[in-house]
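Based on the hints, put chains B, S and U in the right spot on chain L.
There are 4 protein chains.
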Amino acid sequence: MCTAVCYKTKSFYFGRTLDNDVSYGEEVVVTPRRFPFSFRHAGQAGEHYAMIGTAFVPDGFPLYYDAVNEKGLCAAGLNFVGSAFYGKGEGDKVGLAQFEFIPYLLGSCASVREAAAALQNITVLDEPYNAGMPPAKLHWLIADRKEAVTLECTGEGMRLYENPVGVLTNEPPFPVQMFRLNDFMGLSPREPKNTFSRKLPLRAYSRGMGALGLPGDLSSSSRFVRAAFAARNAVSGSGEAESVAQFFHILGFVSQPRGCAAAGEGYEVTIYSACCNADAGVYYYSTYEDPAVRAVDMRREDLGGKVLARYPFRRRLTVLRENSVR
Amino acid sequence: MCTAVCYKTKSFYFGRTLDNDVSYGEEVVVTPRRFPFSFRHAGQAGEHYAMIGTAFVPDGFPLYYDAVNEKGLCAAGLNFVGSAFYGKGEGDKVGLAQFEFIPYLLGSCASVREAAAALQNITVLDEPYNAGMPPAKLHWLIADRKEAVTLECTGEGMRLYENPVGVLTNEPPFPVQMFRLNDFMGLSPREPKNTFSRKLPLRAYSRGMGALGLPGDLSSSSRFVRAAFAARNAVSGSGEAESVAQFFHILGFVSQPRGCAAAGEGYEVTIYSACCNADAGVYYYSTYEDPAVRAVDMRREDLGGKVLARYPFRRRLTVLRENSVR
Amino acid sequence: MCTAVCYKTKSFYFGRTLDNDVSYGEEVVVTPRRFPFSFRHAGQAGEHYAMIGTAFVPDGFPLYYDAVNEKGLCAAGLNFVGSAFYGKGEGDKVGLAQFEFIPYLLGSCASVREAAAALQNITVLDEPYNAGMPPAKLHWLIADRKEAVTLECTGEGMRLYENPVGVLTNEPPFPVQMFRLNDFMGLSPREPKNTFSRKLPLRAYSRGMGALGLPGDLSSSSRFVRAAFAARNAVSGSGEAESVAQFFHILGFVSQPRGCAAAGEGYEVTIYSACCNADAGVYYYSTYEDPAVRAVDMRREDLGGKVLARYPFRRRLTVLRENSVR
Amino acid sequence: MCTAVCYKTKSFYFGRTLDNDVSYGEEVVVTPRRFPFSFRHAGQAGEHYAMIGTAFVPDGFPLYYDAVNEKGLCAAGLNFVGSAFYGKGEGDKVGLAQFEFIPYLLGSCASVREAAAALQNITVLDEPYNAGMPPAKLHWLIADRKEAVTLECTGEGMRLYENPVGVLTNEPPFPVQMFRLNDFMGLSPREPKNTFSRKLPLRAYSRGMGALGLPGDLSSSSRFVRAAFAARNAVSGSGEAESVAQFFHILGFVSQPRGCAAAGEGYEVTIYSACCNADAGVYYYSTYEDPAVRAVDMRREDLGGKVLARYPFRRRLTVLRENSVR
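Protein chains in written order, with numbering that gives the first Met the number 0: chain L, 0 to 325; chain B, 0 to 325; chain S, 0 to 325; chain U, 0 to 325.
Bound conformation, chain L alone:
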C-alpha cells in the first residue's frame, strides 16, 4: 500500500512511499503551464499551474500518484480499496474522473483553502481511463505548508477532514485511524517512568523503551501510527540536506523490506520513496533497488511550455566506490 507524510523545517516537505509487488514504470514528470489538459466533463485547462510529481504516463496523459504545484499545493492518492466509492455525477457539480483529480486540483488551486472551496463543487466519477484500467480506489492527502486535509469518497458521500497529523495510509477510513491514535497517546520518545508500581525496582534497560507498544507490522493501520510517531517527533536541522535526509528516515520507518508482507505469490516492497520540497519544487526520490537520493528540479524546466518533462525512475543500485583498482 502506501504512506504519505508532511514535514516542515525551514521549507515544507511532502512525500510518500508507494508499496506494491509490481512497478508500472513510474517516472518523475513535470507538467508545464500550457500542457493541454482536456478533462472529460470539466472542459479544457488552457493554462494552469505547473506541477511535478510521480506519474505513470501510458499515452501522453500524466496519471499522477502524487504531485506538488508551483504554488506549493500538494496531493497524493493512496489506496483505499475497501471503502472508496465514486458516483455517477451529481447535479451541477464538476465531474472528474479519478485520474483527472490531481491535475485538475493542482492545476487550479494555490492552497488547501482554495482546494477546499473548489471541492464543494466537485464530484469524483466512477469512470475508467480506458477499458483496461478501471479507476483506482483512492483517498487523498492534500496539504500546503499551513495545513493538511484528507479527502474521502465513500458510500456516504464525499468528506473532507482536517488532518492535524499530516499522515495518510490506507484502510480504515481516516476518522477511524485518527481516533485510534488515542490508544497510543502514552507513547513517547523519552525514557519511560516507572508508573507500573512504585514498589518494584523497574528500570529502562535500553533507549527507545518509551515507545514500547508502537506497532511494528506493515498493515495500513500500523503504518499510520508509526508514520505519525516518526513524523510528529522528528528532529532535524533546518537546512535542505538535513531536512531531506530526515524525511527519508521518516519514510524508512514505514518502508517494506521484501519478504515481510506477502502479496499473492510475491511480496510488497516500497517501490519508491519520494519527498518534495514544496516551496522550491524540487522532487527527491529513491527506489527499492537504489537508496541513493535523486532529484528533479521543476524550476530547471521550461514551466511556460507545453511539453511534459519526464525522468524515468532509476532502478539500479548506485555504489560509490571509495577505493580505486590498485
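For the record, the hints were derived by calculation from the structure and aren't laboratory data.
What you are looking at is a predicted structure, and each value in this text was computed from that prediction instead of being measured.
Hints are supplied without guarantee of correctness; some may be wrong.
You can't tell identical chains apart in this list, so a pair holds if it fits in one copy or across any two.
Quick list of in silico lysine-lysine cross-link-like pairs, DSS-like style, CA-CA up to 25 Å [to be verified]: (1) Lys-9 x Lys-87; (2) Lys-87 x Lys-198; (3) Lys-87 x Lys-145; (4) Lys-145 x Lys-198; (5) Lys-7 x Lys-198; (6) Lys-198 x Lys-9.
This is chains B, S and U only, laid out in the frame that chain L set:
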C-alpha cells in the same frame, strides 16, 4: 544501540547498524597482514589474516566495531552495558583487552569453528585502551557463511551460544532474547487466517496483517524481534546489487530516525549502516546523513603490507541530479 | 464502564457487567404486565410484557440498566458518552426519553425482529428523568436467542447494526469496534504454529500462547476484543449450572479489580455482573463484594399484577464455612 | 498452569490459581502437629508445625499444591516443566523428594528467613511418589508477611531469588519474567497523558487506557505481568471480607474461562482459586464450577492431633435464591 545481522544469498553478508547520539569519527579501515598488532598480554602478531571493517583509530591502533577477515570470518561488538563483565585474567588463558578482541580473533581464526576452539583459551580483560577510554561493555556476534554464535562475558563467566537466528542487539542477554522469540512464533508475512472465531466475518483489510503484534519501538528487545523477522523472511535476487540492497532494507527495518528515541538531551540515530560481502571482502556502508551506498573493497588494497588503509565515513547528503540547469 | 454479552447453550443467556466507581443502589426488579408505564410522549402502556432486570428505582419508576422480557427479548444500555446524541423529536415518530427506552421496547416487542420494526418509528429524546438526572448517554445491545443488534443514536442519526459477535462495550462506536476485530483475526485458543520462520527452533512454552496479542487492559476497546474472544470461544456443558458458571467466567474475563483503572480519586470496579436465562426469566447476579451467585426467578412473581417486585443487591461477602467451631 | 500471589492489608494473604484441563480430586487438608511425616531421606518429623492448604491425598500422605503453616509461612508449587531439574543428591545435604518439599519446609520453618537458611542445606531429588506418579516439575513461591522469594532448581543448580513483586507463574524462569516487567514500567492505572505528540489533539476516551499494552492472553508470561499489575496496584479496605474479595478479584484477572486456552482436545480452566489468611490460618477457595467462597479455618481443628482433616472441594454451582416459590 545497535543491531547486527547475517544474510546469505549466493554470497554471505554480515553487517550492522550503530545507533548513538554522537559519532566518534568512524572510518572504514583495512588492516593488511603485516600490520603489527602488539597485544598487551598475548604477544605480537607478526603476520595475521587481513581484515576490513569499521573502526575508530585514535592513534594508530584500529579499534574495530565490526570487521570481516579475508577468510570470511566476521565479528561485531554490540553494547551490552548492563550485563557485560570482564575479568582480571584467569589461570593460563590468553588475556585480551576488550579492544584487542576483534583483531586477535579475526587475525588468527578462519572460521567460527576455529574461533570457538580459540575461545576456550581466551579471557576478556577489564583493561582500558587508555586512561580516557574505559573498556566498552560489549557482547559479540561472530559468524561465517556456515554458522553464527554469540559470545557473552557476564558475572557468570564467558559463554558461547549457537545463534540460529543470526541476529544480535543489546540487552537482555542473548538466551533471554532468543527465548522471547517464541512469543512471536505465530507471526507471519502471510495473510492471517481467521482463527479468532469462525462465527465472525473477519477479514484482512491490508497486506502485512500477518505480522500484527510485531513490536515497533526501538528498544533492544524489540529490534531483536524485528531484525529476526526481516532477516529470516527476507527475499531477494542472489546477485550482488540485489543482495546488498536487500541487506540495507533489513537494516532499515531497525533503523532509528532522529526524534524517536531520546538519549539525554539528544536522540539516538543510526550513525551508520554497514554490510560486508564476507566472501569478497567488499564493505558497503551508508550514514544517517547520506543513504547512498559507498563501498571499500579490501582486495583493492595491498593486503601483504603493513599500513592501514583508512576511508573516513562520508557524512553529506549525495543528491544525484536528474535535470541540469536549464 | 460496562460490557454486555450473549451466550447460548440449551438456553439463551444475556448479561453484562456494570463498571463504575460508585453504586447507586441497584436492585433486581420484576415489572409485571399491569404495572402502569406512562410515557411522556408515547401514552400509557396499560398492559405490556413483564420484564426482569437490574434497575435503579428512584421514586417508583424502574430505570432499567438491562432487562429481559417474558418473551426472551433482551436489552442493555451501556455508556456511550462521547458519541451519543439524542434529538428533540422528529416528525411523527414516537418520542421516548432515554430512561423510557427499555421499558417501552421490552414492554411491546417479542423479538429483535419486532424491535427493529418498532425502531423505525422511534426517536430517543434528550429529556431528563428529573432536574437532577440528565439523560444517560448510552447505546444498546438488543438480543434474543436468534440474533443481536446494536442501536446507536449519534450526531448522524439513529442506526441499527447487526451484531454478529453478540458483545457491546462503550466507545468508540460499534462499527469501529467491529472493524478492529479484524486486527485480531489470527488469534486463537489453540497452540500457535511456528510461522515466524521455519529456520528457527521456536516452540510454545505455555498453553494459551495462541492468543498472544490479545489486549489486557480495561479500556472499552480492549474489553470489546476480550469479551468477543471469551464469549465466541466459550465451551461449557449445556445444563443450567454449567452455562451460568461459564457466563460468569466470560464476564470475569473483562471484570475490573479495584486499583487497575483510576476514576478521578477512586477506581472503577465491576459493581455487578449479571446473567439472565432469557428463556426461563431467571436473573442471576453477583457483586464486587460477593462473588456468590444469587438468583431471582421472574416466574415466581405474580406477572399478572401491578406492583414491582424488588430485590436490592446483596453486597456482603458470603463465606460458606466448611468446618464448624470445634 | 497456575498463578500465585501475595497481598497484604491488615492481614497477609497468600493464594493461587491452579489451571488445568483435569482435576485430580483436590481437597483442603489440615495437617496437625503430630501427623507423622516420614521423609525418605530426611527422617521422621515427630512434631512439626501444623499447616493448611490444598492437597491431593492419594493414600494418606498429603501432596500439597500450596499451604500455609501456623506461623504464617506460605509456599506454593507451580508448574515449571521446561526448566525444572532435580538432582540425585548432593554431598551431605538433606535430600527431599519433590512431593516432600512443602511438608518439610512448612513443618520446620517459621519464616522466609528460616526457610532460606534451611534451603542452604537442602537438595530436591528426582524421586517419584510412586511408580505411576513421576515428580512434578515445579518451582516455588515462598512467602511470609515480610518478604517473598522464588526457589528454582534448574540445570544450573538450586537458586533462591528475592521476589519483590510477590507473584509467580510458570515458564520462563523467574529472573527472565522479572526482567521483562521492565517492558511494562510505563503502564499505569491512571489516565494516560498525551506524550505521543503535543501537536495532536489526543484524549482518553475510556478509563483504563493507562494500561494499554498490558498483555491479555493466558500464557504464563502474560499472566505474570497481569498478576503483578493487579496485585501491586490493588486497593481494598483492610477488613477480612474486603481483603478476601479483593484477593479473588486479583486472581480473577488471570483466571481462565473454558475455551480460551486449548490443552490437547480439551481446555485449561482455573480448577480452583485459593486465598489463605496466613495470620489467621483461614483458607478460602472457590472452584471453576462455583464462584461462591468457601472457607476452612485451621484453628477450628485439633492442631495438636495426628489425623488429617480433609474437606473435598465442592464443585457444584451454589445459587442463593432471592425469591421463594410463589
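Quick rundown of the hints versus the structure:
1. Taking CA atoms no more than 25 Å apart as the test, Lys-9 paired with Lys-87 passes in neither setting, with 43 Å inside one copy and 51 Å between copies.
2. Taking the shortest Cα distances, Lys-87 and Lys-198 never come within 25 Å of each other, neither inside one copy (64 Å) nor across copies (36 Å).
3. Taking CA atoms no more than 25 Å apart as the test, Lys-87 paired with Lys-145 passes in neither setting, with 33 Å inside one copy and 39 Å between copies.
4. Proximity of Lys-145 to Lys-198 under the C-alpha cut-off of 25 Å is restricted to the inter-copy arrangement: shortest distance 14 Å between copies versus 47 Å within a copy.
5. Proximity of Lys-7 and Lys-198 under a CA criterion of 25 Å is satisfied inter-copy only: 13 Å between copies versus 43 Å inside one chain copy.
6. For the identical chains of this complex, Lys-198 and Lys-9 are inter-copy neighbours only, at 18 Å across copies versus 47 Å inside a copy, given an alpha-carbon limit of 25 Å.
The structure is inconsistent with the numbered hints 1, 2, 3, although it conforms to all the rest.
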